[in-house]
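Trainee: Protein chains in written order, with the numbering used here: chain A, 1 to 507; chain B, 1 to 305; chain C, 1 to 299.
Keep in mind that the hints were calculated from the coordinates and are not lab data. Take the hints with a grain of salt, since some may be wrong.
To be verified - Only some residues are given here: those of chain C computed to face chain B with a beta carbon under 7 Å:
| no. | residue |
| --- | --- |
| 1 | Ser141 |
| 2 | Ala153 |
| 3 | Ile204 |
These numbers were taken from a predicted model, which means no experiment stands behind them. Quick reminder that beta carbons are idealized off the backbone N, C-alpha and C, glycines included.
One-letter residues, chain by chain:
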Amino acid sequence: MKTTAASLAALAFALSFGTAMPAHAGKKDNSIRLAANQVPESLDAYFNNVRIGVILAHHIWDHLVSRDPKTNEYKPSLATAWRWVDNQTLEFDLRKGVRFHNGEPFDADDVVYTLNFVSKPENKSTTQQNVNWIAEAVKVDAYKVRIKTKKPFPAALEYLAGPVVIYPNEYYAKVGPKGMSEKPVGSGPYKVVEHQPGRLIRLQRNAEFFKESPRTQPSVERLELRLIPDQNTQMAELMAGGLDWIYNVAPDQARQMKAVPSLEVTSGETMRIVWLTMATRDGSPVPQFKDIRVRKAINHAIDRQAMLKTVVGDTARVLHTQCFPGQFGCTDQGAARYEYNPAKAKALLAEAGYPNGFEVDLYAYRERPQTEAMIGYLRAVGIRANLRFMQYAAMRDALREGKAGFAHQTWGSFSVNDLSASTPVYFKFEADDVTRDQKVRELLDAGDNSVNPSVRQVAYRNALVQIAEQAYTVPLYSLPVYYAYTKDLRFTPYPDEIPRFWEVRWK
Amino acid sequence: MFQFLIRRAGLALLVALTVSLVCFLLVNLSTDVATAMAGEGATAEAIDTIRKQYGLDRPLAVQYVEWLGRALRGDFGDSLYFRTSVSALVAERMPVTLALGAAAILFALVLSVPLGVVAALRPGSWIDRLTLTIAVVGQAMPSFWFALLLMFFFGVTLGLLPISGSDTWLHFVLPAIALGYYATPAIMRLTRSGMLEVLGSDYIRTARAKGLRAPSVLFKHALRNALAPVVALAAVQLGFMLGGSVVIETVFALHGLGYLAWESIAHNDFPVVQAIVLLISLFYIVLTLLADLANAWLDPRIRIA
Amino acid sequence: MAAVSSEIQVLHVPTPGEQLRRRAFEHTGVTLGAGVLLAILVLALAAPLLAPYDPYAQDLSRRLIPPIWHDTGTWTHPLGTDMLGRDYLSRLIYGSRISLLIGFSVMLISGLIGSLLGISAGYFGGRVDLFVTYLTTVRLSMPVILVALTTVALIGSSLLVVILVLGLLKWDRFAVVLRSATQQVRNLDYVTAARAIGCPAWRIVLGEVFPNVANHLIVVATLEMGSAILLEAALSFLGLGVQPPAPSWGLMISEAKGYMFFSPWLIALPGAALFALVLCINMLGDGVRDVTSPEGRNG
Chain A
1 MKTTAASLAA
11 LAFALSFGTA
21 MPAHAGKKDN
31 SIRLAANQVP
41 ESLDAYFNNV
51 RIGVILAHHI
61 WDHLVSRDPK
71 TNEYKPSLAT
81 AWRWVDNQTL
91 EFDLRKGVRF
101 HNGEPFDADD
111 VVYTLNFVSK
121 PENKSTTQQN
131 VNWIAEAVKV
141 DAYKVRIKTK
151 KPFPAALEYL
161 AGPVVIYPNE
171 YYAKVGPKGM
181 SEKPVGSGPY
191 KVVEHQPGRL
201 IRLQRNAEFF
211 KESPRTQPSV
221 ERLELRLIPD
231 QNTQMAELMA
241 GGLDWIYNVA
251 PDQARQMKAV
261 PSLEVTSGET
271 MRIVWLTMAT
281 RDGSPVPQFK
291 DIRVRKAINH
301 AIDRQAMLKT
311 VVGDTARVLH
321 TQCFPGQFGC
331 TDQGAARYEY
341 NPAKAKALLA
351 EAGYPNGFEV
361 DLYAYRERPQ
371 TEAMIGYLRA
381 VGIRANLRFM
391 QYAAMRDALR
401 EGKAGFAHQT
411 WGSFSVNDLS
421 ASTPVYFKFE
431 ADDVTRDQKV
441 RELLDAGDNS
451 VNPSVRQVAY
461 RNALVQIAEQ
471 AYTVPLYSLP
481 VYYAYTKDLR
491 FTPYPDEIPR
501 FWEVRWK
Chain B
1 MFQFLIRRAG
11 LALLVALTVS
21 LVCFLLVNLS
31 TDVATAMAGE
41 GATAEAIDTI
51 RKQYGLDRPL
61 AVQYVEWLGR
71 ALRGDFGDSL
81 YFRTSVSALV
91 AERMPVTLAL
101 GAAAILFALV
111 LSVPLGVVAA
121 LRPGSWIDRL
131 TLTIAVVGQA
141 MPSFWFALLL
151 MFFFGVTLGL
161 LPISGSDTWL
171 HFVLPAIALG
181 YYATPAIMRL
191 TRSGMLEVLG
201 SDYIRTARAK
211 GLRAPSVLFK
221 HALRNALAPV
231 VALAAVQLGF
241 MLGGSVVIET
251 VFALHGLGYL
261 AWESIAHNDF
271 PVVQAIVLLI
281 SLFYIVLTLL
291 ADLANAWLDP
301 RIRIA
Chain C
1 MAAVSSEIQV
11 LHVPTPGEQL
21 RRRAFEHTGV
31 TLGAGVLLAI
41 LVLALAAPLL
51 APYDPYAQDL
61 SRRLIPPIWH
71 DTGTWTHPLG
81 TDMLGRDYLS
91 RLIYGSRISL
101 LIGFSVMLIS
111 GLIGSLLGIS
121 AGYFGGRVDL
131 FVTYLTTVRL
141 SMPVILVALT
151 TVALIGSSLL
161 VVILVLGLLK
171 WDRFAVVLRS
181 ATQQVRNLDY
191 VTAARAIGCP
201 AWRIVLGEVF
211 PNVANHLIVV
221 ATLEMGSAIL
231 LEAALSFLGL
241 GVQPPAPSWG
251 LMISEAKGYM
261 FFSPWLIALP
271 GAALFALVLC
281 INMLGDGVRD
291 VTSPEGRNG
């Protein structure tokens, strides 16, 4: 098999290099052409919640503080210094001399306007959990602001270093979210020069990117992001030289593309966690999930280790609790573990009154081969799962409206390295909570709103233990991501799933 | 002729109206529009407000008339996903699909008309059998499979043609072949049978008897008569292609109407879906109307029938 | 000896039915098409006996094994295994059931609707004809794949939904062809005579018209069956056809598309199976057309 793959690819390459078509023209004009299989509905960072939107936001805009992806230290970015004035007030000294892409100078008004606009529920930001901790932002003077939180919110800096970006106030007040999507203006290392919605985004290096930024000064002149829905088409383009960089390559294809001499394939674990959601709240479309034995049976039915080695990719790890192990507060100490044991799963199902299993709709939106592997495992213990594969937004709405009760879920925490960005989203009685356990909610609240790190850790651990004890979910694994790109690119992946093109160089 | 024109145009208008009704009902009967418009996690009051604000609490018939009225002025409302006007979105994507359709029908005609003519001149020959094979094979292959094979061979292995996108006319070559191939069997068959019929008719035999040279008979007289129905068929096929380009547009990452429709279906973005289905249906209706009128112009028998 | 027998043949004047049968058996398209179709039908019916494994049984430790003709192939899985370690031969055998089921059911539903409309339009003419023509035009002007995609997306995808949606959409060709065929038959002498002596319409249609348009019906039915199978494959490609883990050929192709560059047999095998099925159905249809109207080949 290996030999066939290699010889086929070698043949393809021998032939394609023999022609006049220049491979990877991007190197010549110092640009990178990349592809994604989905594009954000809006480029406004507060009005989309897809990964590529998060990635673009990091290129177009800037943050008050910046987290070093290697050391996880916070470094000055748009703010030069900061301090907690009290439990619920953060004060920032702002940098002078920074300008937005449209020439507007950066000052306190930008911070105040942006934060107050996006945190108001009536402005309907799509990413509520990223901003709803903000009570208000207050201008102290032209280069000093205070951010007040609704409750003590120790993870505030993490959010300000990730999903919370700063907009130019005059421009945003004039054009609003719609205009910000059509023609985004920020102060980041790249500026948008062309945006064809749902199709193409062209970015140009920001020559005036402020030199004091902790981020590397950008080197690549232009980035061109195209929407190419079909993975095969992306791979074909990459092999033929029409693209320089693709990501989210399936592990099987990634392994095979390693055999192609002109390509580099790298992978890394990401903060994205994968699990099976089982709706247990009242009105769940799958009443069987009310029985803890059924939930435990499903936990025992799936061989996560085998999936990791095959359809998932082995740069990831098996999870036992509902969070990413690198996040502050995440642990699996003391939590129940459910080993792979189909016989036990069958016995539990029989005990619960389903000796012949039952039929259920399993919703999913990405990594379909993984879903299908899980369907296979469930089938082996008698649960006949029908796949309902759809776009993320459609699946999320089905879960929220109670139409779906069983889903193959993933969550990237918006790359926020703190547990408050993951577990609470699904367990604090908000739209995405399909469990509604009062005890879990109280524990998570205690963890979210304490300023004492050890208090937080204990509260979070107890919440995670309770979730595992009740088998509310099937925690599966962290998701590895595979990048494939031309060998001439110098590219480093980071676990926060954000490729940093300002660091990328042509060799 | 005038009466025929009126009758035919009347039918087209009636069909167009019915199609618009179907488009409207397809969506309004199967989803709750207000909930979808309110968006994720909206409260019951918010949904109610939207229902009143957009008049969604009125009888369907009233809503339909209003929707149609706005549609006639080119206003299909806003896309729920892209949050821009549907008309602008559709107008932006339309040229790609039109170019693809035109290129595909051109390819189909260039391939199938000569083959059909040659097959008719030499019935039973190897070339006749070849055309038959092309026709039968063409109808039996899944289009996306054929498209991927084309892409792999011409795009990756030979590196001759661009694989995806719509930047230059070269980008349309592979998609046009993949899409146009499916129209060739029908066109080839019609050309062949039309030619056979014309070649066997009295006036061709007379022309031959008068001593006119073969090519002149063939091109001046026979082909012109045989091609009239082919043109009509090509118009119909073009209509089908505009509606059937979803798969090809997805494979080659051409951002035309087909791909937009598929994307919008996946996002529950029904105003866009409605607009596209209606638009493609209208294209078909207009194309067939024109083809019928052209045919009637060429062949007086139809007008009376 | 040879001379005598040929003389006997000349003496024996074959009935039209005998002529038809002989032409059918001599026609390669009909024999080959019917033969392969029959073989696939047997495969589908006897799937539980023929398939070496449970088509749903997955084994992640035995995935992507190539077929026997590759260096690393093994007789345990003659056609290899797929990305989840399921036996490919068993899935292909079971897959024939779904493809045939879709083809037949869609053909039956659309055939019933289309013939009913087409024959009544052709037989009764006048207002009925106008109405059917109008319905057909409406149907033709709506893009099949987009309407099917929208409907399936709105009500959820399952085998039954796919069959119903395609069946309700694909009756147009039946209506068009049977309408014109019936118009021709209607004016035949014996039909006019039957009408004159006051025979009820349903008896004329069943007794006289139907047998005369049946050959057209068969031709359209085969073509539509093939096209329904391909449409399901296209829906599966777009993720809205038959849902996993069902082993439909269309679904198998779309699942294997990610492997086409490096494990090409995964897409080639179901692709070839689908191709062979649709090809032989179409050959059968073309053959029936030739045999029943030899003068109008390709017409």
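Trainee: Restraint: C/Ile204 near chain B, CB-CB cut 7 Å. Satisfied or not?
Mentor: Interface hint status for C/Ile204: violated (24 Å vs cutoff 7 Å).
Trainee: Next item in the hint list is C/Ala153. Is there a CB on chain B closer than 7 Å to its CB?
Mentor: Holds, about 5 Å.
Trainee: Verify the interface restraint on C/Ser141: the C-beta must sit less than 7 Å from at least one C-beta of chain B.
Mentor: holds, 4 Å
In terms of the numbered hints stated before, the structure departs from hint 3 and from no other.
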